[in-house]
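Protein chains: 2
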Amino acid sequence: MSVTDELLANNANYAQSFTGPLPLPPAKHVAVVACMDARINVYGVLGLGEGEAHVIRNAGGVVTEDEIRSLAISQRLLGTKEIILIHHTDCGMLTFTDDDFKHSIQRDTGVKPAWAAEAFSDLDEDVRQSIARIRNSPFVPVKDSIRGFVFDVATGKLNEVV
Amino acid sequence: MSVTDELLANNANYAQSFTGPLPLPPAKHVAVVACMDARINVYGVLGLGEGEAHVIRNAGGVVTEDEIRSLAISQRLLGTKEIILIHHTDCGMLTFTDDDFKHSIQRDTGVKPAWAAEAFSDLDEDVRQSIARIRNSPFVPVKDSIRGFVFDVATGKLNEVV
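Those sequence lines, one after another, are chains H and Z.
Here my numbering = 1-based position in the first sequence + 310.
Here my numbering = 1-based position in the second sequence + 310.
Everything hinted at is true.
Here are the simulated DSBU-like pairs of lysine-lysine, each with C-alpha atoms no more than 35 angstroms apart in a straight line:
(1) H:Lys453 <-> H:Lys391
(2) Z:Lys391 <-> H:Lys467
(3) Z:Lys467 <-> H:Lys391
(4) Z:Lys422 <-> H:Lys422
(5) H:Lys467 <-> H:Lys453
(6) Z:Lys422 <-> H:Lys453
Covered stretches of chain H (chain Z as the covering partner; in silico rule of three or more C-beta atoms under 8 angstroms from a C-beta of chain Z):
(7) 342-348
(8) 365-378
(9) 385-395
(10) 401-415
(11) 444-455
Derived from the structure by calculation, the hints contain no laboratory data.
The structure presented is a predicted model; accordingly, all values stated were derived computationally and were not measured.
Just so it is clear, CB atoms sit at the ideal spot from N, CA and C, and this is done for glycine as well.
Just chain H, with the same shape it has in the complex (with noise of 0.2 angstroms):
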């Protein structure tokens, strides 16, 4: 059996006890942008229901085109209004270079990607990167409130990004 089919068995479970549905905007007007890491549960770490907030996520939890899209679309047709970014302790992210992961694709693959990997060495200045991306772009209507976290793998806990 596959990792998949035994988590098509739990979503069985899940559904048991389910009951919907519920409105398709976001009932805490939120979007949260976050690392893809596996230790971060953006809804148990927030304390979110089903239904609350708009949760974006990719690797490191930066802010690119795609995020600035889906940022968009979350303001401007599904009415969030606050945006919380998270990154987090021991991320992977801090382990190698663009330059040092994009030759590997390209030494396995003949093909150097287009992409920036976008690795980074410090997080808190990654942190204030994403928000400058965002507030630098004019697709994003609402900033008033953007707030950047680190969340500690060890505790649990979100530290806020100054």
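Assemble the complex: chain H is given as a structure, and chain Z must be docked to it using the hints.
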């Protein structure tokens, strides 16, 4: 008190019973790509525990360059091998067209996004499109288990797209 402050108070509760740190690589060697929709609690839907799977999310759960970047990092650096794609019923991406959305941004800001909004009109077809984009990428090395589902927001069930 902002919603962000309220969620930070929730985090203080979460941290009280938190035990960490767990290892960085996902224990179940799975990466999930899901829509950012507030009603999809990925850890709940799949019965995942902290530390088990990478979770990548955006508007639609579509595969763009940034999801390829995240999947490349997930597989090449952190050892994931299976990919689970999750779209869902009642998706916001079914309610507009790229042209209308981009023109509305252009009207409001004077700037037309250079990116695609990635709206779609058929859920199953867009899941297949996302799978096709992964299969077509040289940067995602492991393609043995790529399965796509539509989450039913009324029942909580994942239905596989074939």
